[in-house]
Structure formats: structure tokens, C-alpha cells
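Visitor: These are the residues of each chain, in order.
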Amino acid sequence: MNAVFYISSLVAVIATALVVTRVNVVHALLYLIVSLLAVALIFFVLGAPFVAALEVLIYAGAIMVLFVFVIMMLNLGARGERRQKALLNPSIWIGPGILAIVLLGELVYVLIGQELPPTSGSEVSPKQVSLALFGPYALGVELASVLLLAGLVGAYHLGRRVAPPRAPSKEDP
Amino acid sequence: MCEAARSILVVVGVLAGAIAIAAGLIWVERRLLALWQDRLGPNRVGPFGLLQVMADMIKIMTKEDWVPPFADRAVFVLAPAIIVVTALLSFAIIPFAPGIGVVDLNVGLLFFLAMSSLGVYSVAFAGWASGNKYSLLGGLRAAAQMLSYEVFMGLSLMGVVILAGSFNLRTIVEAQEDMWFCIPQFLGLVIFVIAGVAETHRLPFDLPEAETELVAGYHTEYSGMKFGMFFVGEYIGVTLISALVVTLFFGGWNGPVLPPIVWFLLKTSLFICLFILLRATFPRPRFDQLLGFGWKVMLPVSLANLLVTGAVTLARG
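Protein sequences appear in the order of chains A and B. Quick note on our numbering: the first sequence kicks off at 1 and runs consecutively. Quick note on our numbering: the second sequence kicks off at 1 and runs consecutively.
Since the hints were made in silico from the structure, they are not lab data. Think of the CB as a built atom: it goes at the ideal place given N, C-alpha and C, for glycine as much as any other residue. Among these hints, one or two may not hold up.
To be verified - Computed Cβ-Cβ distance ranges for the label pairs, DEER-style:
#: 1; chain 1: B; residue 1: Glu3; chain 2: A; residue 2: Val153; range: 50 to 58 Å
#: 2; chain 1: B; residue 1: Ala20; chain 2: A; residue 2: Leu148; range: 38 to 46 Å
#: 3; chain 1: A; residue 1: Ala144; chain 2: B; residue 2: Leu258; range: 46 to 54 Å
#: 4; chain 1: B; residue 1: Leu78; chain 2: A; residue 2: Asn89; range: 23 to 31 Å
#: 5; chain 1: B; residue 1: Leu303; chain 2: A; residue 2: Ser130; range: 35 to 43 Å
#: 6; chain 1: B; residue 1: Asp178; chain 2: A; residue 2: His157; range: 44 to 52 Å
#: 7; chain 1: A; residue 1: Val124; chain 2: B; residue 2: Pro47; range: 16 to 24 Å
#: 8; chain 1: B; residue 1: Gly131; chain 2: A; residue 2: Ala150; range: 46 to 54 Å
#: 9; chain 1: B; residue 1: Gly13; chain 2: A; residue 2: Asn89; range: 49 to 57 Å
#: 10; chain 1: B; residue 1: Pro47; chain 2: A; residue 2: Gly151; range: 58 to 66 Å
#: 11; chain 1: A; residue 1: Ser145; chain 2: B; residue 2: Pro204; range: 44 to 52 Å
#: 12; chain 1: B; residue 1: Ala5; chain 2: A; residue 2: Ser9; range: 53 to 61 Å
#: 13; chain 1: A; residue 1: Ile71; chain 2: B; residue 2: Ser269; range: 35 to 43 Å
Unchecked claim - Residues from chain A that face chain B, not an exhaustive set, calculated with beta carbons under 8 Å:
#: 14; residue: Val34
#: 15; residue: Ile42
#: 16; residue: Leu46
#: 17; residue: Phe50
#: 18; residue: Ala53
#: 19; residue: Tyr59
#: 20; residue: Ala60
#: 21; residue: Gly61
#: 22; residue: Ile63
#: 23; residue: Val65
#: 24; residue: Leu74
#: 25; residue: Val124
#: 26; residue: Gln128
To be verified - Covered, in the sense of this in silico footprint (three residues per stretch, anywhere, with C-beta under 8 Å from a C-beta of chain A), are these stretches of chain B:
#: 27; stretch: 100-107
#: 28; stretch: 130-141
Produce the complete structure using the sequences and hints provided.
Guide: Here it is as C-alpha cells:
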């Protein structure tokens, strides 16, 4: 199982790096989907099949489809590629790159000192996940649902069809 | 050793069976459509036209496999494979009979939903990569349609999960020994079948490829075996949805006298015929009607079904 973990981690890292460097947006999205699938596999190996299934179902299957949908609708084509190429100019990414490498170094330093947990623990069943969600983490679930509701109301407001302007009539107060 | 050989045999058998049934369906569908529309259908090649499948295969394999120069080559080639792979992977979780099945997964039902949600990419990317406006419109329609109907598909199955108390398909079949779930979950069944037709984008929900408006939708630019993959993928999808309807709502392998596997296959073929009858009967709706029907009718009904099922289960303790 350790080998599966390392292989899928490697796939996830490579795919994510490719997401950043692709010029074509749809190709970047394809790599992002691969990265999410690899992360789902990591969850599965770590003994959380329920979370793995949800990762594929929600992130790879639903949210990314929306991304694809919007990008296909905008269909930026060559114009978008030129803009992406400009972003890959070293003068733009070298600053954030150095800062990110510093953070990565700190993360590795912290992790090296720690005792690492075993990669394959006991399997967490759907029932345990639900009990945790609606027990100790009920507040988090409620907050997330309020956030989603706000998003829904906002989307409704933005997508609402504006009534055609009426000619002012004398009956109106 | 014997155990390993057995599981490999089951995997190969399921794969070969699914593909063979999907290929055979090409003939079955054309003959049944002809029967219901008072025509003859393909009856020239071999007895009853049975060899028509072979003739079609030879034709499609030997056609020129062409990638248009304006297409995005890598994505164009990848897209048709996705639909076949995700549909075939879903067969892994179906319990055909006691002891026959590829994998006994605890989150089996979620695995199916996950695979069907990945299947959307096939048509969406095919439409985009073709570099053709009709294909792109077909791909956009497919993405919107499948994303919408996935929601009700998942919700309609939760009633079954509540009654059986598990996502494991084997446990769900065993829970139906006394009563098939099509009785307490009739609404769930209706919603699942409608969503299943939409997911496989067959008539009356074949708007992504509506040939009267969009040439052939997302697969306009495809030819040869790449087109064949979409074609076979659709039939594998039909077989998969039928097998799932049987597993989830009609007691799976349960049935008197005959051996379990025979019951399973009989029930599945009945539902495949129902799918074909739907195609022979219904006209195609407009796209806004399709989405409106989904969000305004199917969503409230499936939520109400979930609420009532949960309340009744809670009340009965």
C-alpha cells in the first residue's frame, strides 16, 4: 500500500505542477482533474474510502465540470493563450516562487522532526464520518450550509431577469 | 491461487459480457424499434440479421480514422475513451449473483455516482476539442444536462440507502429479500430511471446530439472507431443503468426457482427493452424544457421522497 501512496502522491505533484505551467486553460483543467483523482486515491490508501468517493464525486465530478462549462462558454482561444504565456514570464513568477520555496523549506523542516503517522490506518466507514459531521462538527456543517445558501441567493440575484423598463404611466404614484 | 484465478476469471467475464451485450444491443435496438414502428429492420445478414453486428463492426473498424487539423489532438483522442472506461469501471460494483461480482466495495453506490459524474468530461471535452461550433454547443448542452440530472440521480438513490442502511450493493440486494424496493421507493425508481436516461443522453433526452439542430452534436467530427467508442459507450451505459435499476429496486438476483444469475440477466434485459421502447415512443423536448423539468419538478420531488423516507424510517425505529 505504501507504493500506491507514493505513486499517487508523485502523480498528484506532477499533475499540479503541469496545471500551473500549461498555457491552454482546458489542458490545465484536465491536469487538475488528474491531480484530484490522485488525491482521492491517497485518501483511499489512508483508509478513508468514503472521503475518497466524495472527492471524486464532488471535486473531480461536479465542481470541475462547472469550471469546464464556464471555460467552454467563454472559449478564450488564442487570446487567452497569449495572456497565459505572459504570466509565465520569469519576472512575474520569480518573486512568489522564492517565497513559496521558503514556505516549503519550513514545512519540510517541521515535518522532519515529527514522528510520521502510519500510512494505512483502520478504515473509516461512512457511518463514522456522518456521526462526526453531525456530532462534534455540526457547527462547521451549519456554517458551510449558510455560506452555500448565501452563494445561492447571490447567484439568483445576479442571474435574475431584469423586467423590461416600462413607459412611465400616469397611474403610477 | 485458486481464489486469484477465480477473481481474474470474473473480471474478464464481466468485461467481455458487458462489451458483448453492448455490441449485441445495436442489433436488438434496431430490430425492436422496427417492430414497434411496423418495419422490418436489419434482417439480411445471417439468420434474423444477427450477423449485422459483425458487419457493423467490420465497417466501423476499417473506416478512416481521421483527426481534423483544427482539433485539439490530445484531448480529441482522449475524450471517447473516458466514456467507455468510466462505464465499464462501474460494472465492477454490480453484484450479479451471490459470490459473483468483481469487488465488494463498502461505498459501492458512491463509486457508481462518481464514475457517472466523470463520464460528463467525455462529451464535454469531445465537443470542445472538435473545434466546431455545433460540437461545442453539443458539449455545453451535455455538460449542463448531465450535471443537473446527476443531482437528482444521487438524491433518488438515498431513499434506497436509508432503507438498506448501507452503500454496499450486496447488502442492498440482501435487504430486498422480503420486499423489492420498487414498492416503498416507487418515486425514487421513477426519478432514477428518468435521470438514467438523461445521463446516458438517449432519446427523449438526446439533446447533446440532436441531429435536427446540431448535425450530430459533440461527435460531429468523429469517425471510425472513435465514433464507435461513443456509440458503444452509450449502449454500455444503458446496460449499466438497467443493471442498477434491477439491483437497487427489483431485488437483484432474488427470485424463485431459476438460478440467481438467470434472474438477474432476465430482469436486466427487460429494462434494456424498456429503454429502447422509450426511444421508440417519445419526442425530444426543448433544451430549456429539459432543464426546467429537472430543477422545478425532479428536484423537489426527490427531496420530498428523501424527507418522507427518512421520517417513516425514523418513526418505525
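Visitor: Does each hint hold? Answer for all of them.
Guide: Results of checking the hints against the structure:
1. Glu3(B) / Val153(A): 50 to 58 Å: holds (55 Å)
2. Ala20(B) / Leu148(A): 38 to 46 Å: About 45 Å separates the Cβ atoms of Ala20(B) and Leu148(A), which means 38 to 46 Å holds.
3. Ala144(A) / Leu258(B): 46 to 54 Å: holds (49 Å)
4. Leu78(B) / Asn89(A): 23 to 31 Å: holds (30 Å)
5. Leu303(B) / Ser130(A): 35 to 43 Å: Violated - the Cβ-Cβ distance for Leu303(B) and Ser130(A), about 18 Å, lies outside 35 to 43 Å.
6. Asp178(B) / His157(A): 44 to 52 Å: At roughly 50 Å between Cβ atoms, His157(A) and Asp178(B) fall inside 44 to 52 Å, so the hint holds.
7. Val124(A) / Pro47(B): 16 to 24 Å: At roughly 55 Å between Cβ atoms, Pro47(B) and Val124(A) fall outside 16 to 24 Å, so the hint is violated.
8. Gly131(B) / Ala150(A): 46 to 54 Å: 39 Å Cβ-Cβ, so the 46 to 54 Å window is violated.
9. Gly13(B) / Asn89(A): 49 to 57 Å: Cβ of Gly13(B) to Cβ of Asn89(A): about 56 Å, so the range 49 to 57 Å holds.
10. Pro47(B) / Gly151(A): 58 to 66 Å: holds (60 Å)
11. Ser145(A) / Pro204(B): 44 to 52 Å: violated (35 Å)
12. Ala5(B) / Ser9(A): 53 to 61 Å: violated (32 Å)
13. Ile71(A) / Ser269(B): 35 to 43 Å: Distance hint for Ile71(A), Ser269(B) holds at roughly 41 Å.
14. Val34: violated (11 Å)
15. Ile42: At about 15 Å, which exceeds the 8 Å cut-off, the nearest Cβ of chain B leaves the hint on Ile42(A) violated.
16. Leu46: The hint is violated - Leu46(A) has no Cβ within 8 Å of chain B, the shortest such distance being about 14 Å.
17. Phe50: holds (6 Å)
18. Ala53: The hint holds - Ala53(A) has a Cβ within 8 Å of chain B, the shortest such distance being about 4 Å.
19. Tyr59: Violated. Min distance 10 Å.
20. Ala60: Nearest chain B Cβ about 6 Å off; hint holds.
21. Gly61: holds (3 Å)
22. Ile63: violated (10 Å)
23. Val65: holds (5 Å)
24. Leu74: violated (11 Å)
25. Val124: violated (10 Å)
26. Gln128: Result: violated, 11 Å to nearest chain B Cβ.
27. 100-107: holds (count 3)
28. 130-141: holds (count 3)
Violated hints, listed in ascending order, are 5, 7, 8, 11, 12, 14, 15, 16, 19, 22, 24, 25 and 26; each of the other numbered hints is respected by the structure.
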